[in-house]
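Put chain B with the ligands on the given structure of chain A with help from the hints.
Residue numbers (the working numbering), protein chains in the order written: chain A, 1 to 269; chain B, 1 to 260.
Be a bit skeptical, because a hint or two may be false.
[What the hints assert, rightly or not] Below, a list of computed lysine-lysine pairs in the DSBU-like style, where the Cα atoms sit at most 30 Å apart:
#1 B:Lys185 <-> A:Lys186
#2 A:Lys268 <-> A:Lys186
#3 A:Lys268 <-> B:Lys185
#4 A:Lys186 <-> A:Lys201
#5 B:Lys108 <-> A:Lys186
#6 B:Lys128 <-> A:Lys268
#7 B:Lys182 <-> B:Lys108
#8 A:Lys268 <-> B:Lys129
#9 B:Lys128 <-> B:Lys182
#10 A:Lys171 <-> B:Lys108
#11 B:Lys252 <-> B:Lys7
#12 A:Lys171 <-> B:Lys7
#13 B:Lys129 <-> A:Lys186
#14 A:Lys171 <-> B:Lys128
#15 A:Lys171 <-> B:Lys185
#16 B:Lys252 <-> A:Lys171
#17 B:Lys129 <-> B:Lys182
#18 A:Lys186 <-> A:Lys171
#19 A:Lys66 <-> A:Lys171
#20 B:Lys129 <-> A:Lys201
#21 A:Lys186 <-> B:Lys128
Since the hints were made in silico from the structure, they are not lab data.
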Amino acid sequence: MSEDCQARSGAVVQDKTAFMVRREHRLLSLIFILALFGVWELIVRLGLVSPLFLPAPSAILITGYKMALSGEIFRHIGASLWRIFWGFSCAAVIGTLVGILLGFFSVAESIGNPIIASTYPIPKIAILPLLILWLGIGEYSKIAVIGLGVFFPMVINVYTGVRNADPVLIKAAVSLGSSRRRIILKVILPSALPMIFAGLKLGIGIALLLVVAAEMIAADAGIGFMILTSADLMQTTKLMFGISILSMLGLIFSWLIDRLERLCIPWKE
Amino acid sequence: MRVVIEKISKTFEDGSGGQTEALRDINLSNEENEFLVVVGPSGCGKSTLLNIVAGLLPATSGRVIFEGIPDTSRPHTAVVFQEFALFPWRTVERNVLYGPEERGLPRKERREIAQYYIDLVGLTGFEKKYPHQLSGGMKQRVSIARALANDPWLLLMDEPFSALDAQTRTIMQDELSQIYEKTHKSVLYITHNIQEAVFLGDRVAVLSRRPGRVREVIPIDLPRPRQEQIAMDPQFLAYADQIWGHIRDQAKEALAEEGL
Ligand SMILES: Nc1ncnc2c1ncn2[C@@H]1O[C@H](COP(=O)(O)OP(=O)(O)OP(=O)(O)O)[C@@H](O)[C@H]1O
Ligand SMILES: [Mg+2]
Numbered sequence: 001m002s003e004d005c006q007a008r009s010g011a012v013v014q015d016k017t018a019f020m021v022r023r024e025h026r027l028l029s030l031i032f033i034l035a036l037f038g039v040w041e042l043i044v045r046l047g048l049v050s051p052l053f054l055p056a057p058s059a060i061l062i063t064g065y066k067m068a069l070s071g072e073i074f075r076h077i078g079a080s081l082w083r084i085f086w087g088f089s090c091a092a093v094i095g096t097l098v099g100i101l102l103g104f105f106s107v108a109e110s111i112g113n114p115i116i117a118s119t120y121p122i123p124k125i126a127i128l129p130l131l132i133l134w135l136g137i138g139e140y141s142k143i144a145v146i147g148l149g150v151f152f153p154m155v156i157n158v159y160t161g162v163r164n165a166d167p168v169l170i171k172a173a174v175s176l177g178s179s180r181r182r183i184i185l186k187v188i189l190p191s192a193l194p195m196i197f198a199g200l201k202l203g204i205g206i207a208l209l210l211v212v213a214a215e216m217i218a219a220d221a222g223i224g225f226m227i228l229t230s231a232d233l234m235q236t237t238k239l240m241f242g243i244s245i246l247s248m249l250g251l252i253f254s255w256l257i258d259r260l261e262r263l264c265i266p267w268k269e
Numbered sequence: 001m002r003v004v005i006e007k008i009s010k011t012f013e014d015g016s017g018g019q020t021e022a023l024r025d026i027n028l029s030n031e032e033n034e035f036l037v038v039v040g041p042s043g044c045g046k047s048t049l050l051n052i053v054a055g056l057l058p059a060t061s062g063r064v065i066f067e068g069i070p071d072t073s074r075p076h077t078a079v080v081f082q083e084f085a086l087f088p089w090r091t092v093e094r095n096v097l098y099g100p101e102e103r104g105l106p107r108k109e110r111r112e113i114a115q116y117y118i119d120l121v122g123l124t125g126f127e128k129k130y131p132h133q134l135s136g137g138m139k140q141r142v143s144i145a146r147a148l149a150n151d152p153w154l155l156l157m158d159e160p161f162s163a164l165d166a167q168t169r170t171i172m173q174d175e176l177s178q179i180y181e182k183t184h185k186s187v188l189y190i191t192h193n194i195q196e197a198v199f200l201g202d203r204v205a206v207l208s209r210r211p212g213r214v215r216e217v218i219p220i221d222l223p224r225p226r227q228e229q230i231a232m233d234p235q236f237l238a239y240a241d242q243i244w245g246h247i248r249d250q251a252k253e254a255l256a257e258e259g260l
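If we strip away everything but chain B, and leave its shape as in the complex, we get:
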């Protein structure tokens, strides 16, 4: 399985004839079992790209191809949104059950799947709680479990931890990394946090400021499984510095342009 993002461009048109070019000629591929991170400055079109891959937004041109998918019963993608997007009227368990329900799996199998992923994200015992009874970190765990329970070929995550406080965020990064070790899903992960990108990614694609183009794709050659301490590793810091270099250039260009 391989996901190919081929020459994707996106221009938004607002009602009054104005245009916003969000993405220009994006070429990327997501190999099987690969954790691909996309970083880029705010507003460069990261969410737009993810929504296009998820089939939630039409591209202006270009296409997204899922290569080599033999069985059609599994969905192509599942999304973990920045805003959690949990169904407030469903308990934790029934949120996780949503995908398997829609896929029409037998009742017993659904329950087993839901329980497996609830346990995986460490929410055992919270099955009957409603989302409003959970903390931000727990909500995002539910959202991750819900996406995984649908067994997608590609897991899409749009800044899933950016609404969390710094401590919770560090813990969640660690746990996501462990979940990745267990499931080895293909992941397309969006963030604007450089540390997070290096910590989680097999490769990091750096987008330019708007219109977003791929500036550089950097393979992160750090051993897995990765622990929190790796953030002190000189190699880790070198990667972070390299990415920061690209993004800083973008920011400077933006400033210079405004100065004109």
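Isolated chain A (complex conformation):
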């Protein structure tokens, strides 16, 4: 039934949804960022703004290089990472466990939910003075405040994930002989994994925020401390370098969590 391609005239049907195709303009992103830095550099070089308020990107890079050579920056990054690591990982584990308990056991839910609901809205940094009073001005109070900040989004996300586990999957597991305990491990936990990762992603941002805030209040090392002292001494380049480090840490963390998520949830396309 194939008809020959003949010369025809008339209105040809066009794809009216062509504009919905999303493309990645990688080169464009790169060019734009470079241009932005170029303009910034130019503005400073031409003396339009004082380097005291806005140092040139090149100056920031050079400062960063010097701080790396002297090892100073690594001391600060190390201190902050250490606090984030302990606060974040403890809260991630405890938050996941508590979230599962609350989601699975109605007794735990009745006891825990009002407590969570009433403590969740408190800005965690407001508790830091109390934590310092209890745990001293050292590392523990900082780790604790980070932990508190990460704990809540973890609990709430994991709880939601557990509650949204498909009941028919739980029934299937029961009918295949799973005990309640096994169901938590083999059905609830994997069902909640995507929400666990959503919690981790939220949590890491909060951890970064809180570590800087805590270090600005009381610390002798850490990126927050470095930024605050640089500001006090009007070392704007150092300050800006500290901020860039934070931006990079944020990127690296979310990249790592993304990788981990892909590793742990291979069934998600």
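Then chain B with the ligands, alone, in the frame of chain A:
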């Protein structure tokens, strides 16, 4: 082995004091190796009945008894759900392995069992795929293999093919019939498709509209193994017509009641 469903009634209560009587005084029995089909109009309590037999829902009154079960290592039932209910985080193979894992069989035996049933349902080569990579028909095959791999005394199937398109459904009915010839499991099969009921069943129990009661149990005296062509057999059509008669009466009564 014989499964006796004895005077099962079920009334659902919702939070605000409302009641739905889903089942009333159901008496049925499932003989060993028998393929028992339950048909009935939508909402008459078929799924409720199946869930009660599976131990996934408490009955308001009555009981389900598994008679003459000598060894307790095999589970009483395994369910094939309408919604497939596959574990999305497990591959085909590991879905089928689930039951044997939970029963604590040795690793080697588990694998052999899983492979046997994967082959039986025609999924050889798809062991490492995830459920989201499969078509509806294939998903339901996995679900059937998973249930069979647990070696239950009674296989429960709740409208397993109703989510499939008509062509796939016909093929799956044919294959299920062949699987039944090979395994000779006792099956309790729920459907609202009359053709399917006659094609698959040794006996067909017709439930009334809600509250579901057993209206009639019709033995289907057609030779096995049954092939697709049997649907043209006059005897087949007579059975289908008989069942349709019962269900039509129900529908008419329902309409008349609404007209009042
Ligand atoms: N958990 C529940 N709470 C309250 N009422 C329910 C519940 N489950 C089912 N019902 C009601 O009980 C009746 C029977 O439901 P059931 O799902 O068993 O019907 P069914 O025969 O399987 O229907 P279908 O053919 O649509 O699958 C329906 O009226 C339904 O609304
Ligand atoms: Mg149903």
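Hint-by-hint comparison with the structure:
no., hint, verdict
1, B:Lys185 <-> A:Lys186, "holds (28 Å)"
2, A:Lys268 <-> A:Lys186, "holds (17 Å)"
3, A:Lys268 <-> B:Lys185, "violated (35 Å)"
4, A:Lys186 <-> A:Lys201, "holds (23 Å)"
5, B:Lys108 <-> A:Lys186, "holds (21 Å)"
6, B:Lys128 <-> A:Lys268, "holds (14 Å)"
7, B:Lys182 <-> B:Lys108, "holds (23 Å)"
8, A:Lys268 <-> B:Lys129, "holds (12 Å)"
9, B:Lys128 <-> B:Lys182, "holds (25 Å)"
10, A:Lys171 <-> B:Lys108, "holds (27 Å)"
11, B:Lys252 <-> B:Lys7, "holds (27 Å)"
12, A:Lys171 <-> B:Lys7, "holds (24 Å)"
13, B:Lys129 <-> A:Lys186, "holds (19 Å)"
14, A:Lys171 <-> B:Lys128, "holds (24 Å)"
15, A:Lys171 <-> B:Lys185, "holds (22 Å)"
16, B:Lys252 <-> A:Lys171, "violated (35 Å)"
17, B:Lys129 <-> B:Lys182, "holds (26 Å)"
18, A:Lys186 <-> A:Lys171, "holds (13 Å)"
19, A:Lys66 <-> A:Lys171, "violated (62 Å)"
20, B:Lys129 <-> A:Lys201, "holds (29 Å)"
21, A:Lys186 <-> B:Lys128, "holds (19 Å)"
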